[in-house]
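Visitor: The residues making up each chain are set out below.
2 protein chains.
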Amino acid sequence: MNPDIRRERENATFSTELLTNILDGDQEKTRRRREIVSLVCSDPDFEHEDLNFLSRSERYEAAVKKSAQMILKMREYGVSDPEEIYCYKSSVHRGRSEPLDLHLGMFLPTLLNQATPEQQERFLMPAWNLEIIGTYAQTEIGHGTHLRGLETTATYDPATQEFVLNSPTVTSIKWWPGGLGKTANHAVVLAQLHTQGKCRGLHAFIVPIRSTSSHKPLPGVEVGDIGPKFGFDEVDNGYLKFANVRVPRGNMLMKYAQVEPDGTYQKAPSDKLTYGTMVFIRSMIVGDSARALSKASTIAIRYSAVRHQSELRPGEAEPQILDYQTQQQKLFPLLATAYAFQFVGQYMTQTYHRITGDINQGDYTELPELHALAAGLKAFTTWAANAGIEECRMACGGHGYSRCSSLPDIYVNFTPSCTYEGENTVMMLQTARYLVKSYRQARDGQQLRGVVSYLNEADRRLRTQPVSASAAPQLDADDLPGLVEAYKLRAASLVALAAKNLQAQLQKGKRQEDAWNSTAVDLVRASDAHCHYVVVKLFSSKLEEVQDSEVHSVLATLALLYALHGISQRSGDFLQAGLLSVSQLPRVSQKLKELLARVRPNAVALVDAFDYRDEMLNSVLGRYDGNVYENMFEWARKSPLNRTEVHESYYKYLKPLQAKL
Amino acid sequence: MNPDIRRERENATFSTELLTNILDGDQEKTRRRREIVSLVCSDPDFEHEDLNFLSRSERYEAAVKKSAQMILKMREYGVSDPEEIYCYKSSVHRGRSEPLDLHLGMFLPTLLNQATPEQQERFLMPAWNLEIIGTYAQTEIGHGTHLRGLETTATYDPATQEFVLNSPTVTSIKWWPGGLGKTANHAVVLAQLHTQGKCRGLHAFIVPIRSTSSHKPLPGVEVGDIGPKFGFDEVDNGYLKFANVRVPRGNMLMKYAQVEPDGTYQKAPSDKLTYGTMVFIRSMIVGDSARALSKASTIAIRYSAVRHQSELRPGEAEPQILDYQTQQQKLFPLLATAYAFQFVGQYMTQTYHRITGDINQGDYTELPELHALAAGLKAFTTWAANAGIEECRMACGGHGYSRCSSLPDIYVNFTPSCTYEGENTVMMLQTARYLVKSYRQARDGQQLRGVVSYLNEADRRLRTQPVSASAAPQLDADDLPGLVEAYKLRAASLVALAAKNLQAQLQKGKRQEDAWNSTAVDLVRASDAHCHYVVVKLFSSKLEEVQDSEVHSVLATLALLYALHGISQRSGDFLQAGLLSVSQLPRVSQKLKELLARVRPNAVALVDAFDYRDEMLNSVLGRYDGNVYENMFEWARKSPLNRTEVHESYYKYLKPLQAKL
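So the sequences go chain by chain: A and B. Okay, so the first sequence: first residue is 1 according to the UniProt record's numbering, each after it adds one. Okay, so the second sequence: first residue is 1 according to the UniProt record's numbering, each after it adds one.
Treat the hints with care, as some may be off.
For lysine-lysine, the following DSS-like pairs were computed, each having C-alpha atoms within a straight-line distance of at most 25 Å [what the hints assert, rightly or not]:
id, chain 1, residue 1, chain 2, residue 2
1, B, K65, A, K500
2, A, K655, B, K593
3, B, K593, A, K508
Chain A is nowhere near these chain B residues, computed Cβ spacing over 10 Å in every case [as the list claims (entries may be wrong)]:
id, residue
4, F14
5, F46
6, N166
7, E423
8, L480
9, G482
10, K508
11, S549
Output of the computed footprint for chain B on chain A, the stretches with three or more beta carbons under 8 Å from beta carbons of chain B [to be verified]:
id, region
12, 56–65
13, 155–166
14, 296–310
15, 369–378
These aren't lab readings, by the way, just hints derived from the structure by calculation. Given the structure is predicted, the values throughout are model-derived calculations rather than measurements. Heads up, the beta-carbon is just placed ideally off N, CA and C, and yes, glycines get one too.
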């Protein structure tokens, strides 16, 4: 092991193992996770060449191969608990998406939730056994976020008792579904249902798109891969265009809405269940943010511990990069953010499971709040993690740009989460809608509960306490609960401000929608402040659960760093809300620098606690043993351009050019 | 043409052609640039398949082919003016780097500047005719920024009158030079010169690395490609390891320092000239920032004009994305930034040329200031453009993630500029060193001149004007000169603060270097504020040159937007410096929203004025005619995974899997 990184570990003040257990949930969960990861990593069937050395077609093929193996092995080993499936799957694909994702994650669940018993009979076993490989085709090339805008039609023909599917325009071509390009032979297609001369809105249809024997596209179906992307090389995101494709009446998913043989339409009783699915997926994405940023900061911090550069003191050896204050300033707030998001992810999962019980009993009381929270936190955490991964990459100097660092890969595979499952700005505005509604309820005398209860006082606070720096309380930079309170009041103040600006627009006579659009910037800012408060609060609450005093101490330092860093980044907000006075700002800066120095000795141990095996990180810079440079050289030597000594372009172009000049 | 984008152009309030001329310099320059671009774009020898569809090896080959053609054609057409060469070259390679970049941009200039007449005789013509293809090998795998840390050795052997080159450690392997991996047969190698038992520091040697007949690596030379990267697929960045490689004494570049036949060392008189090269390259990078962000905002704004999504008013058609305030808030400040950086780039080039005259006459007076400015602005503009490109990409929804948008490509090709030619944080600290030095001079009574002259009052200002919100002047959000003044005072205040914090550390008894490191965060912040001031000031000054009142009006709106957006993002700084009071913040926000609305009707015309041909943007989303979706479909159909109907992995893995389940 590299002596620098060994020394870092020796100097840590806490037990990484205890912290790993906290991140996993408990000791037993750590044990089981390691067992599964080990099972996969030691399995020669999952070994493969570095994906960075393969073409896209080869990467797709490698993924299909691994997915096929994975399906067989999970059945062989009896891996069936959802959390364990998730763990096994992400170990196999090293956290990447894969061609069967939508079959497993959308097609099968949709069948389970929206198919009638007869339909389940017909489709479920074939889908379970991959005779039917499905995908979920919703988004169209010209339509994403706004579902009502989708154009694909399914017109019922009572003469044959069939639906006729069509893509009436270029903009209606289905676009993006994973697995659609080459893998799937069926799709759940979301289309506007037309029957008896009327449009009945979006419904889901099971549509065969490729022959189950030859795998060739069926007549009337134009299907293919949408072409190379920033990342997601393993996934065949596809397009799908229909020209009079007929499916039997029984292929519309009819558990809720129905079309009778004569074309009579029966409307669904409610759509609250799809609400639940969205909340679930967005909660999962919060966890993805935590994982992506944890991985990136593991790589950057380990490499910064072994990388020596420049000189602090003339004539002395080049110091570890991690000793530079500017490097600490880049990486430690991100490390703190990764921890914060880990705990937010845990909270979201727990809350979702808790509320699911209520939902199953028909109690939807908490769903709107959770829905609003999941939307906002999905946006808040993905944006922060997205920017953070790139900061980590650039903090590794030139080598972060090499694919051997894995950082480019982490970034391109994570960044779509800012867009999919609800574009982030749209998500922030959804949260804002809930916040404004809650604010108005509170103003009208209703007593709010839950996470928005702080809005009970927002209005009063704003009216009685004019924004004035001189009236600002003394914010104590060491007092985490006090900082949580400041975040709360900042959120209250920005929600109130947005609501008032909205009201002012309405009073000018603007229509509701135009007033909303004219206030959108303020609304997003309010949502952001709300989410930031929730994150700081959850981090602080988590500390109360931590019993080991050494672990508690290091996490408390991170929590303080997270909170103060946010205040220094958005100091204008806190000043504007009268929560901070200008004269306190130097103290905040000074305290931040102290916290960086306090994190420094534990930085490597803190990323070790995330417990990513080298196989999962797949990063030469982030190696546990710190032996970076010799392994980088090895990696480069194996890369494709070095398979021949002289590249053929030399003979084709350079040599002839020399002759001509 | 798409009717939406046609309407945008019809509604513009100014002449794009006039603005294009301002960006180019004058009408004649626009004409000549278009002529060259046209020459390249209409040349069938430069046509090629979409690079996104090729493997890395194919992309490298395509680039070599084009570079070879380019060399021939530039000689054929007599393109020899440096600006025209740049234009021709970047038209051929569409702004990408290419395998001969270092030969043309570093190897040849180094020969011209550092070789003796005899050496020029030996090397220049062969290099000009590409018998010698060179690269510039400085960076090592373990050493980047800190040149004194480089480990490669060149030991003089008087017995044979040769230098013996060695890579004594793994960390000393040369790493990253472009063209080194496969293309070059010679390298200028920076190595520690040892002669007569003494190390004489870094010197440059011309080292043959591949046979000029077979192109195979020479004995003792291990050379190859460093493997796949985030981008730069066309460039064979390479590694180079020496084991007792001998070159004649005459291969050390001896225009300045010399080693005599017996090994006696003659030191160089001065190193100020390399100083000038760094300034030149960093100034060019400021221009690169402007171009990259201009391209990205062209794509995002054009696409936002033709993309319809969601509904503002129930029942009405989906509006153009560009009508959403949140979209304007994302894109218009970036558009303003692109313009600001265009003008900063112009200024840097002009200033460099102006000062070069002085330098050639031995007058180095202005060089330190320009050096400090180039370092800081290189960092400031690349960071902003880097983040901005990604914002543009994400503002295009899912389609921004497709390679057909070109945005991933723009990003991965631009982002290295945050690291190369001086890592950004190191650059900011270099600028800070100049600022602190200037501040101290001013404090000691020296009268500063040039761009730092504002520091003459910085200290006095801080002492006489205690930071107090109540004393804050009324900042007029419409008054650009007033805003420039505010930026200036903010910079002064942050430079003074950093200098004082540094002083406090020294007074605590810390060593100079440790005190510097403990204040590094403040120092970077001060540099950032300084650069921000310079950018706002140059944008404002540029307005004075613009005579056409309509163009002036639209640029003035952008300048105001740029300045106010910066204030709102860093409001804490302005409040802390007493330049703004909390009660003014709502006015700033309100004004920003008004400016977004004011930019809206001219947004498309403003990106049109950047005048990128479709061939140069290579973006389906950014097409001039706005016909996005049909062309996206065409592009996808042509992509490699669609060359066969059924991917071979189906037969290899999916079909067998179905049989097993």
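Visitor: State for each hint whether it applies.
Guide: Against the structure, the hints:
no., hint, verdict
1, B:K65 x A:K500, "violated (62 Å)"
2, A:K655 x B:K593, "violated (60 Å)"
3, B:K593 x A:K508, "holds (16 Å)"
4, F14, "holds (25 Å)"
5, F46, "holds (13 Å)"
6, N166, "holds (16 Å)"
7, E423, "violated (6 Å)"
8, L480, "holds (21 Å)"
9, G482, "holds (19 Å)"
10, K508, "holds (13 Å)"
11, S549, "holds (29 Å)"
12, 56–65, "holds (count 6)"
13, 155–166, "violated (count 0)"
14, 296–310, "holds (count 4)"
15, 369–378, "violated (count 0)"
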